[in-house]
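Work out the full structure, taking the sequences as your base and the hints as a guide.
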Amino acid sequence: MSVSFPEKDRKLVEEMIRHYPHKKSAIGDVLYLAQKQFGYITPEVELYVASLLDLPASYVHQVVTFYSMYLEKPVGKYLIMLCDNVSCLLCGAEDLLDRIKEKLGIEVGETTGDGKFTLWSVECLGACELAPAMMINDKLYGNLTPDKLDRLLDSLE
Amino acid sequence: MPQVKLISRFFEIENSHRLRVYEENGGYSAARRVVTENWEPEKIINTVKASNLRGLGGAGFPTGVKWDFVPKDHEGPKYLVVNADESEPGTFKDRHVMLHAPHLLLEGAIIAALSIDAEDVYIYIRGEYWEAYRVLERAIKEAEEAGYLGKNIFGSGHSLKVHLHRGAGAYICGEETALLSSLEGFKGWPKLKPPFPALQGLFSMPTIINNVETLSYVPIVIEKGPEYFAGLGVKRSGGARLFGVSGHVNRPGVYELSLGTPMRELIYEHAGGIRQGRPLKAVIPGGTSCPVLTAEEAEKVNLDFDSLAGIGSMLGSAGVIVMDETTDMVKVLCRICKFYSFESCGQCTPCREGTGWMTRIMERIVSGNGRSQDLDDLLDIAGMICENTICPLGDAAALPVISFIQKFRHEFESKVSAGSIAAASSRLSAEEL
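Going line by line, the protein sequences match chains C and P. Per the numbering used here, residue 1 is the first one in the first sequence, and the count goes up by one each step. Per the numbering used here, residue 1 is the first one in the second sequence, and the count goes up by one each step.
Heads up, none of these hints are tricks.
Listed below are the simulated DSS-like cross-link pairs for lysine-lysine, each with C-alpha atoms no more than 25 Å apart in a straight line:
hint	chain 1	residue 1	chain 2	residue 2
1	P	K141	C	K36
2	C	K24	P	K78
3	C	K77	C	K36
4	P	K151	P	K161
5	C	K73	C	K103
6	C	K36	C	K11
7	P	K141	C	K23
8	C	K139	P	K141
9	C	K116	C	K103
10	P	K78	C	K23
11	P	K151	P	K78
12	C	K101	C	K77
13	P	K191	P	K338
14	C	K23	P	K161
15	P	K331	C	K101
16	P	K193	C	K24
Taking beta-carbon pairs under 10 Å as the criterion, some of the chain P residues facing chain C (in silico):
hint	residue
17	E128
18	W130
19	K161
20	G167
21	F186
22	M205
23	S246
24	G247
25	G319
26	I321
27	K331
28	F342
29	E343
Calculated directly from the structure, the hints in this document are not laboratory data. For glycine and all other residues, C-beta sits at the position ideal for the given N, C-alpha and C.
Right under this line is the structure:
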């Protein structure tokens, strides 16, 4: 098998499993770890995770495809997740989405040619008091305006 | 009525997420009291029952009654699961609780775990809540180091381990049986009830699932007494809760109010009124799955379980979305339909197919190509989904469709007829060519 965790990550997997009476409950955390290590979840990674948890690869694949935060394709260095659910929609999310598309020259779901940005429109982020809101990787940004958005995107190296 | 400051007082204290600050403000005294005074589980449960505390994730089930369902003679593990998968559009109160008062949640979880004799607590937190996850992670460590979690808590001989479990982006996992499926390492598919989780839940063991805010009120109920809490607001159905206001208001945010506070007061006083002084058009009272209210209804109704039920809606998760007169109701409903269609887990046919159909019809109407039959078709499909699915997501998808069309039918009709006229004239011009 060509993908595998380094020693310290294998120890982490053992720790993750210890939280549950059954190994397979740790699948979520192991997939996050795999994503961090390998960038995204390929069929090969699914096989590897399956072997760590004594599960069939098809089971792992079902889990990966069910949840939206496991990446099956590579994304840019910065994953922009703009919420356009109701509260954000009421506060101007559509204009912001257009602004990002125009600025980066990509559509929703696409990555810029230099691999720097990927754009997603996502469901409610639970930050409606900050609408319109978005996340870039694991950081939340709120009360966005077109100018604020411009400055933010320009500031990312 | 002024805001009450029970949970929300911690939102205003600097570094309230740290153990030292929490304890300086009276933290962990309720749990310590329950343990050192050797409260029997029955005493804890009766206190919570007397307080009238209800599930604040959306269902509103009496908390003490739920705890009492756990069999006392069960041999083997029992579990407490904290539902921190806050995902109902318009809802963000639990995020604030976890960021500012993680120890209040942990203290409530300790007391709840003692009441059902559980030694393991799982906090299922939605994957997007990175910051809250880190805050909770540190709070758990602090509580373990202080001897409030882990082995022999408060020197009592009880053990309690709190585990943090991250979700990975699936609204359905906020539904309790789907959450359990997800915790067990499966995709988040809801299960039929019965068996109820209190008898056969996580890993097939008796399990109580409580929302973040619900558990965070438990130490307050113990500390101030159940009569105090039950006495807040309306008679018979009293208490307090956190209202999250968003949309077209001047001061969106979380406001803690006694139940029975007029919605008018929440919108116009606490949340600062409508932006640019515009007239109100509609309000979604408790997350997008609750039937929408017209301005007239919203300005008359009080914020308690019975008042909202009385006008055919729900208090839900108390995520109040305010819409002013400029709002395009057709577009808002379309967005809601898209959400439920995307989040349907795909297990039950009426929901899986129905949410897709409703979304496609709504998108057609929004794009100006609506047909005269569309509104009746939408109501028909919504009616076929209602009560025909394993979990409440089906109803959550159908109720907004029904209420939006019933209450704002003229807006939908004018959009549809504009579409029909456009379609007819383009047919005509095609024939002319």
